[in-house]
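**Student:** Sequence:
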Amino acid sequence: VFPETSLKVTGIDFLKSQNTRQHHTDGYNIKNLVVRRGQPFQVQVSLSRELRAADKLSLRFGIGENPMKNRGSLLSLKPEREDFNGWKISIVKKNGTECLLSVTSSPNAPVGKYNLHVKTGTNIYKPEYGVIYLLFNPWCEDDVVYMASEAQKKEYVLNDTGYIYVGSAHSIYDRPWNFGQFEEFVLDACMYLLDKSKLSLTNRRDPANVSRAMSALVNANDDNGVLLGNWSGNYVSGTSPMDWIGSVTILQKYYKTKKPVRYGQCWVFAGVLNTVMRCLGVPSRCVSTFNAAHDTEENLTVDTYLNENGEKMNSLSFDSVWNFHVWNDVWMKRTDLPNGFDGWQAIDSTPQEQSQGRFQCGPCPVKAIRGGDVYLPYDGKFVYAEVNADRVYWVVRKVNGKEKYFKVGTETQDIGKNISTKAVGQNRREDITQEYKYPEGSKEERMSMERAYSFLRPSGLMPRSGYASTVRTLGGNIQPLVLKDPVTKTGLHLEITNTEPLHPGNPLEMAITVKISAPGDWTVDLTGSCQLQYYTGSVQANLGTIKETINLEGTSEMQIPLKIAPDAYMKTLSSVEDEVLILVTAIAEVKETNDKLTKETSMSFEYPPITVQMPETAKLYNDFSCAFIFKNKLNVTLENCKLLVEGLGIFKMTTFEQGDIMPGRIMKSEIICTPTRLGEKKIVAKLISNQIKGISTEKAIFITE
Numbered sequence: 001v002f003p004e005t006s007l008k009v010t011g012i013d014f015l016k017s018q019n020t021r022q023h024h025t026d027g028y029n030i031k032n033l034v035v036r037r038g039q040p041f042q043v044q045v046s047l048s049r050e051l052r053a054a055d056k057l058s059l060r061f062g063i064g065e066n067p068m069k070n071r072g073s074l075l076s077l078k079p080e081r082e083d084f085n086g087w088k089i090s091i092v093k094k095n096g097t098e099c100l101l102s103v104t105s106s107p108n109a110p111v112g113k114y115n116l117h118v119k120t121g122t123n124i125y126k127p128e129y130g131v132i133y134l135l136f137n138p139w140c141e142d143d144v145v146y147m148a149s150e151a152q153k154k155e156y157v158l159n160d161t162g163y164i165y166v167g168s169a170h171s172i173y174d175r176p177w178n179f180g181q182f183e184e185f186v187l188d189a190c191m192y193l194l195d196k197s198k199l200s201l202t203n204r205r206d207p208a209n210v211s212r213a214m215s216a217l218v219n220a221n222d223d224n225g226v227l228l229g230n231w232s233g234n235y236v237s238g239t240s241p242m243d244w245i246g247s248v249t250i251l252q253k254y255y256k257t258k259k260p261v262r263y264g265q266c267w268v269f270a271g272v273l274n275t276v277m278r279c280l281g282v283p284s285r286c287v288s289t290f291n292a293a294h295d296t297e298e299n300l301t302v303d304t305y306l307n308e309n310g311e312k313m314n315s316l317s318f319d320s321v322w323n324f325h326v327w328n329d330v331w332m333k334r335t336d337l338p339n340g341f342d343g344w345q346a347i348d349s350t351p352q353e354q355s356q357g358r359f360q361c362g363p364c365p366v367k368a369i370r371g372g373d374v375y376l377p378y379d380g381k382f383v384y385a386e387v388n389a390d391r392v393y394w395v396v397r398k399v400n401g402k403e404k405y406f407k408v409g410t411e412t413q414d415i416g417k418n419i420s421t422k423a424v425g426q427n428r429r430e431d432i433t434q435e436y437k438y439p440e441g442s443k444e445e446r447m448s449m450e451r452a453y454s455f456l457r458p459s460g461l462m463p464r465s466g467y468a469s470t471v472r473t474l475g476g477n478i479q480p481l482v483l484k485d486p487v488t489k490t491g492l493h494l495e496i497t498n499t500e501p502l503h504p505g506n507p508l509e510m511a512i513t514v515k516i517s518a519p520g521d522w523t524v525d526l527t528g529s530c531q532l533q534y535y536t537g538s539v540q541a542n543l544g545t546i547k548e549t550i551n552l553e554g555t556s557e558m559q560i561p562l563k564i565a566p567d568a569y570m571k572t573l574s575s576v577e578d579e580v581l582i583l584v585t586a587i588a589e590v591k592e593t594n595d596k597l598t599k600e601t602s603m604s605f606e607y608p609p610i611t612v613q614m615p616e617t618a619k620l621y622n623d624f625s626c627a628f629i630f631k632n633k634l635n636v637t638l639e640n641c642k643l644l645v646e647g648l649g650i651f652k653m654t655t656f657e658q659g660d661i662m663p664g665r666i667m668k669s670e671i672i673c674t675p676t677r678l679g680e681k682k683i684v685a686k687l688i689s690n691q692i693k694g695i696s697t698e699k700a701i702f703i704t705e
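If you number the sequence shown the way the UniProt record's numbering does, the last residue is 705 and the count never jumps.
Quick caveat, the hints were computed from the structure, so don't treat them as lab data.
What you are looking at is a predicted structure, and each value in this text was computed from that prediction instead of being measured.
Cβ coordinates follow ideal geometry from the N, Cα and C atoms, glycine included.
Among the hints, erroneous ones may be present.
[To be verified] Here are the simulated DSS-like pairs of lysine-lysine, each with C-alpha atoms no more than 27 angstroms apart in a straight line:
no., residue 1, residue 2
1, Lys16, Lys113
2, Lys367, Lys333
3, Lys668, Lys619
4, Lys333, Lys381
5, Lys253, Lys642
6, Lys547, Lys563
7, Lys591, Lys398
8, Lys668, Lys154
9, Lys126, Lys8
10, Lys599, Lys631
11, Lys196, Lys31
12, Lys515, Lys417
13, Lys571, Lys642
14, Lys633, Lys668
15, Lys599, Lys398
16, Lys153, Lys699
17, Lys631, Lys642
18, Lys404, Lys599
19, Lys153, Lys258
20, Lys78, Lys56
21, Lys668, Lys682
22, Lys119, Lys8
23, Lys69, Lys56
24, Lys333, Lys88
25, Lys126, Lys196
26, Lys668, Lys652
27, Lys443, Lys417
28, Lys258, Lys31
[As the list claims (entries may be wrong)] Have a look at the derived ranges for each label pair, beta carbon to beta carbon:
no., residue 1, residue 2, range
29, Ser17, Thr335, 33 to 41 angstroms
30, Thr335, Thr5, 44 to 52 angstroms
31, Ala151, Asp431, 14 to 22 angstroms
32, Asp431, Tyr235, 28 to 36 angstroms
33, Thr654, Glu141, 20 to 28 angstroms
34, Gly86, Thr5, 33 to 41 angstroms
35, Ser17, Thr697, 34 to 42 angstroms
36, Phe318, Pro608, 35 to 43 angstroms
37, Glu141, Lys93, 24 to 32 angstroms
38, Ala518, Lys404, 26 to 34 angstroms
39, Lys258, Ser76, 29 to 37 angstroms
Go ahead and model the full structure; you've got the sequences and the hints to work with.
**Tutor:** This is the structure we're talking about:
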């Protein structure tokens with residue numbers, strides 16, 4: 001009797017186009033098969049002869065350096081056998097020597113790269129491109145990242161472009177950002193980060209652990225992660241944070257060099273973390289909070305110190321209020337927490353505070369922030385303070401040669417305003433403040449605050465800068481929770497506005513309006529100041545102050561102008577590397593009643609636009625021309641202009657050096673584009689000069705077959 005000819009595998013087809021379409025992974029620019037967990041995919045195995053009943057055939061999926069069955073890192077799957085760790089395979093059909101298999105991974109399988117080998121008897125076949133990438137699956141009801149709405153998944157998982165909202169509560173604007181989670185090497189960079197995180201296989205099953213690890217790895221602070229943060233204003237040894245328009249260049253560069261990319265600030269960290277989470281299959285969005293508190297002592301107050309001219313002083317505060325701060329929300333069921341905390345979870349990769357010894361933050365349930373459940377993991381206290389702290393203003397005056405602190409106002413509703421993200425399926429801002437906070441003054445808000453305070457136990461309200469330790473504390477007693485500051489006796493109210501557009505090169509024309517609502521004759525001392533500051537609240541220049549005493553009768557108001565000449569600020573504007581905001585602070589004191597009130601407003605400069613000229617549609621692989629046009633309508637020459645452009649699926653990030661653009665001059669740059677992908681694609685452009693750090697725009701084009 002002839003010995004049985006042993007069964008060998010002669011080839012394997014991963015049926016990439018069919019599988020990736022069904023798994024919503026057809027966008028990934030990679031040769032390997034990318035699939036999502038908990039959902040079947042098919043492979044076609046070619047054999048040396050027909051498959052018989054006695055033949056032993058198994059698919060072996062190994063993950064990690066040294067896959068072993070007893071560790072769960074090696075799965076050996078045999079057709080029609082009971083599942084193995086929640087995985088199963090079945091034979092769909094046999095056709096001569098061809099065998100079509102269906103593989104379903106477990107909906108809580110560890111996410112990562114699996115090596116596939118096919119074993120027949122004693123033979124092992126190792127296919128080319130046999131590494132399969134397994135991702136989280138928001139389309140699978142049994143996956144903890146399951147998201148029911150198709151439109152939301154299209155936005156939060158599949159959209160590779162979007163906006164990050166920046167500016168100030170007074171003037172919010174959108175910054176287009178290319179997430180580019182499907183671009184070449186981006187998925188590999190994410191897999192590299194997963195390996196680098198040293199998460200155990202068990203921890204790789206859970207998006208809470210994965211997102212926490214990614215929040216640590218996107219900053220370079222303790223683990224040689226992706227981006228080095230820099231707020232110093234000096235970026236000569238790298239790329240200025242203002243010069244990025246997307247995550248792709250950053251992640252590609254990091255994957256190539258395995259060294260931190262220089263430099264990032266909060267919106268860059270959030271943009272990159274959003275790319276990483278969407279790339280891994282976790283629904284994710286960038287969230288911007290205006291007037292975000294960085295409360296170092298967890299006592300829910302942030303102290304701001306003003307000098308006698310009403311100018312903010314940098315040196316005294318350890319705390320700060322950022323004009324805006326950007327983090328991310330990721331969507332998941334929290335199996336590690338009691339019920340009621342599923343849904344959006346805040347994570348933050350900007351290195352601000354250490355959590356469990358590393359610069360990482362979250363995931364913290366957004367519902368826990370709203371409900372005041374700040375003890376829940378992770379980092380609830382920090383995130384709660386970012387959106388709920390109170391702001392206390394102190395004036396520092398010299399009395400008999402010693403510095404004394406005088407409280408000139410408390411703002412209870414100033415922090416955590418206009419919490420914003422891009423709307424689903426639309427190019428507009430959606431306000432999600434109500435997901436983070438109950439309405440100001442509501443019964444729920446009061447209960448939530450009392451709950452949060454019971455875990456935070458703020459100490460007495462005293463200035464707590466390094467210089468203020470000489471001030472006696474109030475016997476260390478804890479102040480009762482005051483939800484609303486009592487209304488001033490005179491109904492004193494301040495408003496700060498600009499009376500002319502804030503164009504660089506023009507005078508800054510602003511006004512402080514003082515209102516009083518009580519009957520009687522009132523004398524009001526008004527101090528006003530104008531400064532330039534970074535978005536982190538760090539003052540860069542003092543531009544001017546006013547001091548006036550005004551008389552108001554009964555219910556009335558008066559507008560006091562504050563005007564700054566171009567010479568006072570243009571030098572600073574041209575010499576700093578970051579975008580600056582105009583900060584106006586006003587202090588009003590009513591002589592007769594000693595009522596005090598402080599108000600500050602940050603405003604952005606206004607810039608002329610860039611326009612993009614190109615057709616509305618184009619055919620795949622057919623060239624089209626795209627022109628960028630900018631007219632300098634300002635009264636000032638823009639020096640060292642560069643235009644940054646990028647179009648995912650159209651062209652790689654390109655920089656045009658434009659030199660100086662004089663007032664009234666028009667710049668025009670043209671690029672010939674070859675679209676390589678179907679559907680709606682966006683082109684993003686940004687103009688940077690010494691005077692202006694970011695005029696950006698974007699335009700969409702529809703690519704057809």
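**Student:** Work down the list of hints and note, for each, if the structure agrees.
**Tutor:** Evaluated hints:
Under the criterion of a C-alpha separation no larger than 27 angstroms, the hint pairing Lys16 with Lys113 is consistent with the structure, at around 16 angstroms. As the CA atoms of Lys367 and Lys333 are separated by approximately 12 angstroms, the hinted pair is consistent with the 27 angstroms bound. Using a Cα cut-off of 27 angstroms, the hinted pair Lys668 and Lys619 holds, with the two alpha carbons roughly 25 angstroms apart. At most 27 angstroms may separate the alpha-carbon atoms for a hinted pair to count; Lys333 and Lys381 meet this at roughly 21 angstroms.
Restraint check: the Cα-Cα separation between Lys253 and Lys642 comes to about 21 angstroms, which is no more than 27 angstroms; the hinted pair holds. Only pairs whose Cα atoms come within 27 angstroms are accepted, and Lys547 paired with Lys563 is accepted, the gap being roughly 13 angstroms. Restraint check: the Cα-Cα separation between Lys591 and Lys398 comes to about 20 angstroms, which is no more than 27 angstroms; the hinted pair holds. About 35 angstroms separates the Cα atoms of Lys668 and Lys154, which puts this hinted pair outside 27 angstroms; it is violated.
For the hint linking Lys126 to Lys8, the alpha-carbon distance of about 11 angstroms falls within 27 angstroms, and the restraint holds. Distance check on the hinted pair: Lys599 and Lys631 sit about 36 angstroms apart at the alpha-carbon level, beyond 27 angstroms; violated. Between the alpha carbons of Lys196 and Lys31 the distance comes to roughly 23 angstroms, so the proposed pair stays at or under 27 angstroms and holds. The straight-line distance between the Cα atoms of Lys515 and Lys417 is roughly 23 angstroms, inside the 27 angstroms bound, and the hint therefore holds.
At most 27 angstroms may separate the alpha-carbon atoms for a hinted pair to count; Lys571 and Lys642 meet this at roughly 20 angstroms. For a cut-off of 27 angstroms, the pair hint linking Lys633 to Lys668 stands: about 15 angstroms separates their Cα positions. Pair hint Lys599 plus Lys398 holds up; C-alpha atoms about 22 angstroms apart against a cutoff of 27 angstroms. Annotation: proposed proximity of Lys153 to Lys699 holds, straight-line Cα distance about 23 angstroms (limit 27 angstroms).
The hinted pair formed by Lys631 and Lys642 meets the criterion: a straight-line CA distance of about 14 angstroms does not exceed 27 angstroms. For the proposed pair Lys404 and Lys599, the alpha carbon gap of about 21 angstroms is at most 27 angstroms, so the pair holds. Between Lys153 and Lys258, the direct Cα distance comes to roughly 31 angstroms. Violation of the 27 angstroms bound is thereby established for this hinted pair. At most 27 angstroms may separate the alpha-carbon atoms for a hinted pair to count; Lys78 and Lys56 meet this at roughly 8 angstroms.
In summary, the hint linking Lys668 to Lys682 is supported, as the alpha carbons are separated by about 19 angstroms, within the 27 angstroms threshold. Restraint check for Lys119 and Lys8: the C-alpha separation of about 8 angstroms stays at or below 27 angstroms, so the hint holds. The hinted pair formed by Lys69 and Lys56 meets the criterion: a straight-line CA distance of about 18 angstroms does not exceed 27 angstroms. About 24 angstroms separates the Cα atoms of Lys333 and Lys88, which keeps this hinted pair within 27 angstroms; it holds.
Among the hinted pairs, Lys126 with Lys196 is consistent with the structure: their alpha-carbon atoms are about 26 angstroms apart, no more than 27 angstroms. Proximity of Lys668 to Lys652 is assessed by CA-CA distance (about 19 angstroms); at most 27 angstroms being required, the pair is judged to hold. Between Lys443 and Lys417 the CA atoms are separated by roughly 19 angstroms; this keeps the pair inside 27 angstroms, and the hint holds. Taking the CA atoms of Lys258 and Lys31, the gap is near 22 angstroms; set against the 27 angstroms cutoff, the hint holds.
Against the hinted window of 33 to 41 angstroms, the Cβ-Cβ separation of Ser17 and Thr335 comes to about 35 angstroms, which satisfies the hint. For the hinted restraint 44 to 52 angstroms between Thr335 and Thr5, the CB-CB distance of approximately 50 angstroms keeps it satisfied. Our hint of 14 to 22 angstroms for Ala151 and Asp431 holds, since their Cβ atoms are close to 18 angstroms apart. About 33 angstroms separates the C-beta atoms of Asp431 and Tyr235, a value consistent with the hinted range of 28 to 36 angstroms.
For the pair Thr654 and Glu141, the supplied restraint of 20 to 28 angstroms is violated, since their beta-carbon distance comes to about 43 angstroms. Between Gly86 and Thr5 the C-beta distance comes to about 35 angstroms, which sits within the given range of 33 to 41 angstroms. Taking 34 to 42 angstroms as the suggested C-beta distance range, the pair Ser17 and Thr697 conforms, at roughly 35 angstroms. Roughly 39 angstroms separates the CB atoms of Phe318 and Pro608, a value that falls within the hinted 35 to 43 angstroms.
Roughly 27 angstroms separates the CB atoms of Glu141 and Lys93, a value that falls within the hinted 24 to 32 angstroms. Range check, Ala518 to Lys404: Cβ separation about 29 angstroms, and the 26 to 34 angstroms hint holds. Evaluation of the 29 to 37 angstroms hint for Lys258 and Ser76 yields a pass: the beta carbon distance comes to about 33 angstroms.
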